[in-house]
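Q: So the chains spell out like this:
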Amino acid sequence: MFSYYLSLALRSLRHNVVLTSLMVLAIGVGIGASMTMLTIFRAASGDPIPQKSAQLFVPQIDNFGPRPGAPPQARDRLPPDLTYTDAQALMQAHLATRQAAMYPTIVSITPPAARQIPLQGTARATYGDFFSMFDVPFQFGAPWGKSEDDGHAAVVVLTRAFNQQLFGGVDSVGRSLLINNRPYRVIGVLDDWQPRPRFYDLGQEDYSGADQLFLPFTRAIDAQMMTSANFNCDRPGAGSGWDGILRSNCIWIKFWAELPDARAVARYRTFLNNYAAEQRQLGRFHWAPRVALRDVPEWLAYNHVMPPAVTTLTAVSFAVLAVCLLNAAGLMLAKYMSRSASVGVRRALGADRPAIFAQGLVEAGMLGLVGGLIGVGLIQLGLIGSRVELPQDLGVLTHMRASDFLIALSLAIVTALLAGLYPAWRAMQVEPALQIKAE
Amino acid sequence: MHWVPILCALRHNKVGATLIALQIALTLAVLCNALFIIQQRTAQSRRPSGVGDEASVFIISNRWVVNSDDLPAREQTDLAALRSLPEVADATVSNDHPLGGPVWSEAMLLNPDMPRSGVQSMVYMMDDHGLDTLGLRLVAGRNFSPADVVNRHGLADHAGGTLPGIIITQAAAKRLSATGSVLGHTVLIVPDGISTRIIGIVDQLMSTPFAGNAPFSQNSIILPYRWADAQIFYVVRARPGQLGAAMVAARSKLYDISTQRIITGMQTLSDSRLDAYRGDRGLAFLMEVVCAILLVVTAFGIVGLTSYWVAQRRRQIGIRRALGATRGAILRHFQSENLLISGAGVAVGVLLAIAANLWVVRSVALARLPFLYPLIGVAAMLLLGQLAVLWPALRASAVPPASAARSA
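So the protein lines, in turn, are chains A and B. All letters in the first sequence, in the order written, are residues 88 to 526 by my numbering. All letters in the second sequence, in the order written, are residues 1353 to 1760 by my numbering.
Read the hints as simulated data drawn from the structure, not as lab findings. Hints are supplied without guarantee of correctness; some may be wrong.
Coverage of chain B stretches by chain A, computed from C-beta distances (three or more under 8 Å per stretch; other residues unrestricted) [said to hold, decoys possible]: (1) 1409 to 1423; (2) 1648 to 1657.
If you want the footprint, here are the derived chain B segments under chain A, 3+ residues with CB under 8 Å [stated by the list, open to error]: (3) 1430 to 1444; (4) 1495 to 1509; (5) 1632 to 1642; (6) 1664 to 1678.
For each label pair, taking beta carbons as the anchor points, the in silico distance ranges come out as [claimed, not checked]: (7) Q1428/B with H391/A: 41 to 47 Å; (8) Q1668/B with V105/A: 21 to 27 Å; (9) N317/A with G1487/B: 26 to 32 Å.
Quick reminder that beta carbons are idealized off the backbone N, C-alpha and C, glycines included.
Build out the structure end to end from the sequences listed, making use of the hints.
A: Written as structure tokens, this is what we have:
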């Protein structure tokens, strides 16, 4: 029966090529526009570390105090980073399964080969737990451990791409290079790893930003490497010099803790509250303790990582789909009604109403399928256009996955079926006798 | 105008008419907001930076391999060499540059007793060559003299010190005091903790190109520091017509002096502007594409459905023609019918547009939709409807009266 409907549908679609093309194009354009943005939206809102996102937490401590003059939406927000003092306290408490303080810093690198000129690298100063906490894969070597952290060791982990650039991609473990003109030994090379968004350090280039090398936090502090991200202060610094920066109330250190279950989370929360209360007793804070502990999804939402432009364009592109759906529905209505006569004949020849309805939907579904295929082509075009037009940071999100392809085709068929629902229902109302009389 | 036959005809095509009206409503809602966003983003990307002739000024992003104590001396050597190049008009060293440098902001306070009421401002550190190099226009007071300029090596150097004087923008001056007459006043700069006096006011100097920092977009202060750090920016103004030569000469000169540096970028401010507003222009462009798609789809929807109605009513049209209706009357029938449907569509559409704007305000737009935009949208949609209906209506008016006599 289905194949009969299919051949009927084909014949009917060929009957009025202009109307058919208009309908197919309407569906194609609607799918092309909406799925281009949905593809980007899905890539932008993906979970960067799905296996662990509910076990990784950012602690926040209010070290700035109440800000009555701040705009209302900023007033309740806690400082996004920690002071060096607080980060050190959290590291020393060692209350999480794994924990790592970190900050980004830009360094100069003098490669081993004499003929190469110095180059700039984006480094992350952190603790050895960073790699195991975030399941970072290694191509060569291994992460550094507690002894390197405690020993302020001059070791470095390179990313795969940076190892390619510096050492041609060979196993460079044990080799040495100059960072800010001091010798460091390569201890490991990462395999490909780029969580998107880069949840562990938000604020700049959340989607395209990547570290090139990693070195021990303790070593970076010794070498007075300054952060390359935000350094926020609420009052004149404690003193001058590097020591003044470390002792200041300025925030610049990011901190992550791995807490495997609800009990560990509750325990950590209590610890944070106690810590803030203790700081108040010591006279450092003059306000009631305010702390927070957020996991990865909460942290992404709190920081509004999703670019507003993407949200808006996605909403607008679905408005386009809605217009295309209304459009296709109107055209299908016109087409089905102009065929009343042949429907009447079929009815008179014994086709029952469900059969007419089913045939109408089959025809709509076919339109959807063809429209969807055109739409997939348009999505490629749309993604290329978006890559050119959107900021570089979002350009990395303009790649279609297999699931996007399937969503596009299903959405096209569902759209067409929705559009065909009412026209098919109207078509099945046609009375057999009346049509024969009119002919 | 014969509204009765139009309404009668519409009663037979309720669903089709509703579908068209809804398309028009949705298209209008998106169109108004998209036009508004396009206008805002375009205006944003053309904001003045205060820099005279952006295309003649280029920024050299310089990173020293080692952050050693002799950096201030090395930078002075570099600057002397840059200024002596025949292609270069003037040059200075800075911690930052407008149109894309890092955001270094501090609060400026007239009254040190109210530490949280400061004027958030972008901090530029430049010597007495800064104003000429950037081409900033001094509107009050004076430029720095060489004697005003002080060495500063890194963030933590000079915290809590004093300075002979600073130059601020007019926007920042107006924020400090409603009259803007703050020349000679003493201010405190927090968190640097610098106490100083305002000795000059410049017309404009953009703080940061990013829309997210709009509240202080033109609040800038220039501190008379010879800035030294691992990362610095040389700001260079080329002589007229010598930009390309100046960029080449500057790079090779700097590497001649020392290779213990990484020149990570060299870009004119006009190119920095293009980069800084890429996202804004991109969003505006994508919005334009979406608008074009919507208009075309809606127009074809109207053409398609009206053509069907014409075919369906061929016989009735023939009868009306046979009874004496002119071709113009038939044309007007379909045009009026479309006006009625479009009118209903735009009425709903304006409400939708306002509702959508409430949501858009929270995400990308900076303000409420001005009344002008729905007006433009309504006019555009009514015109679109009339244009789209023209071809089918003309075909209808061409139906000969004799067709009434023939069977359907």
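Q: In ascending order, which of the hints set out earlier in this document are inconsistent with the structure?
A: 3 and 6
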